[in-house]
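A.B. asks: Use the sequences and the hints to build the structure in full.
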Amino acid sequence: MASRPDRLTPDAADVWDSGRVASARSVGVTYAGPVLAPRTRYHWTVRLWDGAGRETGWSTPTWFETGLREDGFGAARWVGAQPDLEQAPLDLAGASWIWTPGATAGNAPAGTRWFRGRLTVPAGVEIAAAYLVVTADDDYTAYLDGRQVLYAPQQTDGWKSAELADVTELARAAVGGTLTLAAVATNRPGPSVNPAGLLAKLVVTTTTGERLLLVTDGTWRSTDTEHPGWQEAGYDDSGWTGVALLAPYGQGPWAGNVTVPQPRALDLAGASWVWGPGATVNNAPVGPRWFRARLALPAGLDIASARLIMSADDDFTAYLGGQLTLSAPQQTDGWRTARVADVTALARGAVGKELVLAAIATNRPGASVNPGGLIAKLVVRTADSRELVLVTDAGWRTTGTVESGWEQPGHDDSAWSPVVVLAAYGQGPWGSGIEPPVEERPAPLLRRAFRLTKPVASARLYASGLAYQVLHVNGKRVGDAVLDPGFTDYDDTVLYVTHDVTDLLAEGQNVLCAELGRGFYGMTTRNVWRWHQPPWHGEPRLLARLVVAHPDGSRTEIVSDDAWRITAGPTRSNSLYAGETYDARQEQDGWSTAGFDDSGWAEASVLDAPAGTLRAQEHEPIRVIESVAPVTLTSPRGGVWVADFGRTTAGWVRLRVTAPAGTTIRILYGEKLRADGTVEAANGNVQSARFQQDEYVARGGGEEVWEPSFSYKGFRYVQLDGLPGAASTGTVTMRVVHSDVRDVGEFRCSEALFERFEQMMRRTVRNNLHGIPTDTPMYEKNGWTGDAQVAAPTMAGLLDLSRFFTKWLGDLRDSQVSSGQVPVIVPSGGWGYQELAPAPEWTTVYPFLLREMHRWYGDDRLLRQHWQAVADYLEWELGRLRDGLAVTALGDYLSPGTGGNPPEDTRLTATAYLHRALVATAEVGELTGQDAQAARFRSAAAGLRDRLNETFLDRARGLYRTDRDPGYRQTSNAVPLAFGLVPDDLVGAVVDNLVADIRDRGWHLNTGCLGTSVLLPVLTAHGHADVAVRVARQRTYPSWGYWVEDGADTMWEMWPTSTRSRQHYFHGTVVQWLYEHVAGLRPVADGWGRIVVRPDARTELSAASAAVDTVRGRASSAWLLVDGQFELTVQVPVGATAEVHVPAARAEDVEASPGGLVTARRMADGYLVHTVGSGTWRFVSTSA
13 MASRPDRLTP DAADVWDSGR VASARSVGVT YAGPVLAPRT RYHWTVRLWD
63 GAGRETGWST PTWFETGLRE DGFGAARWVG AQPDLEQAPL DLAGASWIWT
113 PGATAGNAPA GTRWFRGRLT VPAGVEIAAA YLVVTADDDY TAYLDGRQVL
163 YAPQQTDGWK SAELADVTEL ARAAVGGTLT LAAVATNRPG PSVNPAGLLA
213 KLVVTTTTGE RLLLVTDGTW RSTDTEHPGW QEAGYDDSGW TGVALLAPYG
263 QGPWAGNVTV PQPRALDLAG ASWVWGPGAT VNNAPVGPRW FRARLALPAG
313 LDIASARLIM SADDDFTAYL GGQLTLSAPQ QTDGWRTARV ADVTALARGA
363 VGKELVLAAI ATNRPGASVN PGGLIAKLVV RTADSRELVL VTDAGWRTTG
413 TVESGWEQPG HDDSAWSPVV VLAAYGQGPW GSGIEPPVEE RPAPLLRRAF
463 RLTKPVASAR LYASGLAYQV LHVNGKRVGD AVLDPGFTDY DDTVLYVTHD
513 VTDLLAEGQN VLCAELGRGF YGMTTRNVWR WHQPPWHGEP RLLARLVVAH
563 PDGSRTEIVS DDAWRITAGP TRSNSLYAGE TYDARQEQDG WSTAGFDDSG
613 WAEASVLDAP AGTLRAQEHE PIRVIESVAP VTLTSPRGGV WVADFGRTTA
663 GWVRLRVTAP AGTTIRILYG EKLRADGTVE AANGNVQSAR FQQDEYVARG
713 GGEEVWEPSF SYKGFRYVQL DGLPGAASTG TVTMRVVHSD VRDVGEFRCS
763 EALFERFEQM MRRTVRNNLH GIPTDTPMYE KNGWTGDAQV AAPTMAGLLD
813 LSRFFTKWLG DLRDSQVSSG QVPVIVPSGG WGYQELAPAP EWTTVYPFLL
863 REMHRWYGDD RLLRQHWQAV ADYLEWELGR LRDGLAVTAL GDYLSPGTGG
913 NPPEDTRLTA TAYLHRALVA TAEVGELTGQ DAQAARFRSA AAGLRDRLNE
963 TFLDRARGLY RTDRDPGYRQ TSNAVPLAFG LVPDDLVGAV VDNLVADIRD
1013 RGWHLNTGCL GTSVLLPVLT AHGHADVAVR VARQRTYPSW GYWVEDGADT
1063 MWEMWPTSTR SRQHYFHGTV VQWLYEHVAG LRPVADGWGR IVVRPDARTE
1113 LSAASAAVDT VRGRASSAWL LVDGQFELTV QVPVGATAEV HVPAARAEDV
1163 EASPGGLVTA RRMADGYLVH TVGSGTWRFV STSA
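Numbering-wise (the working numbering), the sequence shown opens with residue 13 and increments by one.
Since the hints were derived computationally from the structure, they do not count as laboratory data. Please note: incorrect hints may appear among the correct ones.
Below, a list of computed lysine to aspartate or glutamate pairs in the EDC-like style, where the Cα atoms sit at most 16 Å apart [to be verified]:
(1) Lys466 x Glu569
(2) Lys684 x Asp1058
(3) Lys684 x Glu1065
(4) Lys684 x Asp656
(5) Lys365 x Asp314
(6) Lys684 x Asp1061
(7) Lys466 x Glu519
(8) Lys488 x Asp515
(9) Lys466 x Asp564
(10) Lys466 x Asp515
(11) Lys488 x Asp512
(12) Lys488 x Asp601
(13) Lys172 x Asp151
Only a predicted model underlies this, so the values are computations on that prediction, with no experimental measurement involved.
C.D. replies: Structure below.
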């Protein structure tokens, strides 16, 4: 290795020369030279010797560049838009449950405890607002600088509702000093498990947007004795003890179940539901209506802020000052979620005039009782705290027909009729059922112009835009990655990417630009997994460093700082769940070019850095992989078009349209159609007025082309609403989007159905790779650990996931809490530690995947890097056993006839999976020299095996059963067989009972995600390959073929055709059986260093083959039956050995070629077993 290519010789190499190393190792060769410098290019070449000592020539020289070190961004600062002081939600992120020493998260003695914490308020700051949020288990009183500010009496589960106090004046009085928060909390007597805790967060916001925080954490002091004056600011608490940190908010027995009230929440109080003539409170004519009203803004008004909130039954579009401001699509009960817009700029522009609010709302056809209505409130706040308010009331005007320009301020609406006031907010059929609105903010545009006074030799751009960034240099997009950088637990790891931008820069004027999306960093869409309130939540921000090298050896650097300019972009809202709204009329032509005038933009604000460590992104980026035209177009009703792309995918569509300015086109994505031919897209786990829907507002003036930037969807169908004319096949194009990992596996078979399964699984896996392995690209987008647990071996056989899973192992480690626990979704924003958890069948993916990574890729470094974290996790699992068994919140999920967990006692599978994880980790420990702990884990595994058999094995009947079984359960028997838990003397009986149940069910499986992954391999391994093949070839419910008969092109979440998700890989594990048993190709250890070839599932098949491009080269197995003769061709990569099992009645019936190189042969279980090295081998058996 050398610093320059001309030094790549053994005598001149100035970085590292390994010398000749006598080793068979050809993967995972570790660099052993001096520490490499950051931001530096190194050149390298290699030569090899074979087993006979023959030397190759030197390989073609190549190079790599190092990235930045942890402090490598130097003077760069995180920049973005300052959070709106009225918009930033209050939460408890960052706070921890505390109590006095000796308490645990699950239990504390009854009694009263006293606590104190302090916040320094620097001199000179101006306080805009200060709020205190507190809760306790069980009750408390809180004081700030000696004044009582909050009190919560004893109440069952009272901790679930936090209390809020506006403490702005107290904070202002403390400027230049210290705020002291004191609280007394009482844990009332309770059951044997009686948790106690205090949780608090004080947020002081300055006029510049800076937030000063005091949270309950390890700095607090506590006592179990009351002292006079303990709540006063000047009290000396130095004699008090520290506190016990019980759990960060979101964890422990309380999980994230505290409701936090919000200050000054914008609501609809004072507004009324209105409609046109002929409407009653319970019924309104079907069709659209147009509405207008005015708010006078006196000259000289100093406007601080302006907000508009609106809802309608059924849908609406609103304009303020003639500009599109809000839009809500048609959606069942969509009125329940109001839409909100920050209209401060529009209000300021109307000072001295009238601000005109115009809206179109549509009452869609419905039941005999079909209410329609519009409700709205515009609040303009002045700098001196006055409010000017416009609400829907009798002063509004309405019409059933309009002319062009109806939304413009100057339109004459004098001929319009007065509205009919239906009901005040809180009354009528709607009640007060409108949920608190969430305001979306436009994606920010940032730019930094600069001049280079010298030519450019090379240039590197290092950038981390959270959550997603689209970078531009001099008008050209940088790179082709999308949804970049990758998603992580931002409190632990933040990824940055590196781009070579040499060809995009030139001597003279240049500009560096970025547009930022929310992703999981700044999500505002409410959802059950609480991604809208993780501890890291914040507004989008950018960290960037551009390093330009010049020919004379000098360097110019541009970094993100307050010299950057910022403005709101045309992407008006973006959400991974809800979709995006893009208003092309807000585009600023040339904004990313060097000559653009950004004097009207604001200065970017320097924001707080995320807590996570900056690391270079090493896994494959997400890219647009393919473009697909629609197969068919239909129009299920007037003005609505549905495109069917003929395949299920993840991504989005590119829209091509010519439309008048202001035309709003809605694009709804879904995997299924309703009976009426429209797209089905609903998700009860996401609380939003829209789901998987993009909105595009046309600019007008010619053809426009647009596609989203900050969200992806799962879909086959797209519904278009609002087009000015008919749709064509060129109107929308499917854009297939996923992590750009390469294919490595190939499978062929004489049974076409089996080939179809492999294609379905490959597509499903790809559609669920977006920086993390997800469970569905449509409904959740979560990294469910159980899905990866069962499917990882299948996934690795299809795709090169070496870097992808290395990254996700890091996510698993980041998600681990101090107790050792890992959540059921990874990454997690706090959900999944209590909810549907603990669940060993899910979270033991951590040790299992670590072992699998070594089996597939042979990287020893991972074993050492993750050993301690995996060991800590298993110790946590062992520490919570009950009666010697593992307990779980999940189980064999979605077996036939169930909508979730199975009916049987799930301790059986939980214990079995924990056993497997212990054995896998013991193997890792033995490979890395952790012999003592490995022995402990093996001993613990043996204990679990014995206890499982004592509890669930019915020796007399030869089967496993639980007290909750409705009948024989296939998974309860297949899993112990698969994991080697069945006593040797009962294996035959357990297998026979399993086969009998399959037969009694008409040769069908009856398993969920856990049992499905092992059923066919278990049958095959125990001499019933014919049964396995018969099950796999079924085309009636429940089976994979049943899906195919219904037109499936992907694997589904559930066995019935009514399944929710149609892109779920955890039931597609049949493909692992196809590779390993039908084709017979299986890695055993050390990155395909040891291989087994055993095609033992051949019943009624005439040919099968599998090939995998491994880290060592191609490995393959291909067999063919010709006139009763079995022909097997095997390819073994360099550095590997293979154990090849050729079916035969006698050894003499098998001919091997080249025979002289076979190192060993033996007969076993109807196979002649050969041990061979690298090369291509052919075997012919006449008695297969």
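A.B. asks: Indicate, hint by hint, whether the structure satisfies it.
C.D. replies: Now for the hints, and whether the structure bears them out:
At most 16 Å may separate the alpha-carbon atoms for a hinted pair to count; Lys466 and Glu569 meet this at roughly 13 Å. Note on Lys684 and Asp1058: the hinted pairing holds, with a Cα-Cα distance of about 12 Å set against a maximum of 16 Å. The straight-line distance between the Cα atoms of Lys684 and Glu1065 is roughly 14 Å, inside the 16 Å bound, and the hint therefore holds. The straight-line distance between the Cα atoms of Lys684 and Asp656 is roughly 10 Å, inside the 16 Å bound, and the hint therefore holds.
Pair hint Lys365 plus Asp314 holds up; C-alpha atoms about 14 Å apart against a cutoff of 16 Å. Proximity of Lys684 to Asp1061 is assessed by CA-CA distance (about 13 Å); at most 16 Å being required, the pair is judged to hold. A threshold of 16 Å between alpha carbons decides the hint, and for Lys466 with Glu519 the separation of about 5 Å falls inside it, so the pair holds. As the CA atoms of Lys488 and Asp515 are separated by approximately 11 Å, the hinted pair is consistent with the 16 Å bound.
For the hint linking Lys466 to Asp564, the alpha-carbon distance of about 9 Å falls within 16 Å, and the restraint holds. A C-alpha spacing of about 14 Å is found between Lys466 and Asp515, which places the hinted pair at or below 16 Å, so the restraint holds. Pair hint Lys488 plus Asp512 holds up; C-alpha atoms about 13 Å apart against a cutoff of 16 Å. As the CA atoms of Lys488 and Asp601 are separated by approximately 13 Å, the hinted pair is consistent with the 16 Å bound.
The straight-line distance between the Cα atoms of Lys172 and Asp151 is roughly 11 Å, inside the 16 Å bound, and the hint therefore holds.
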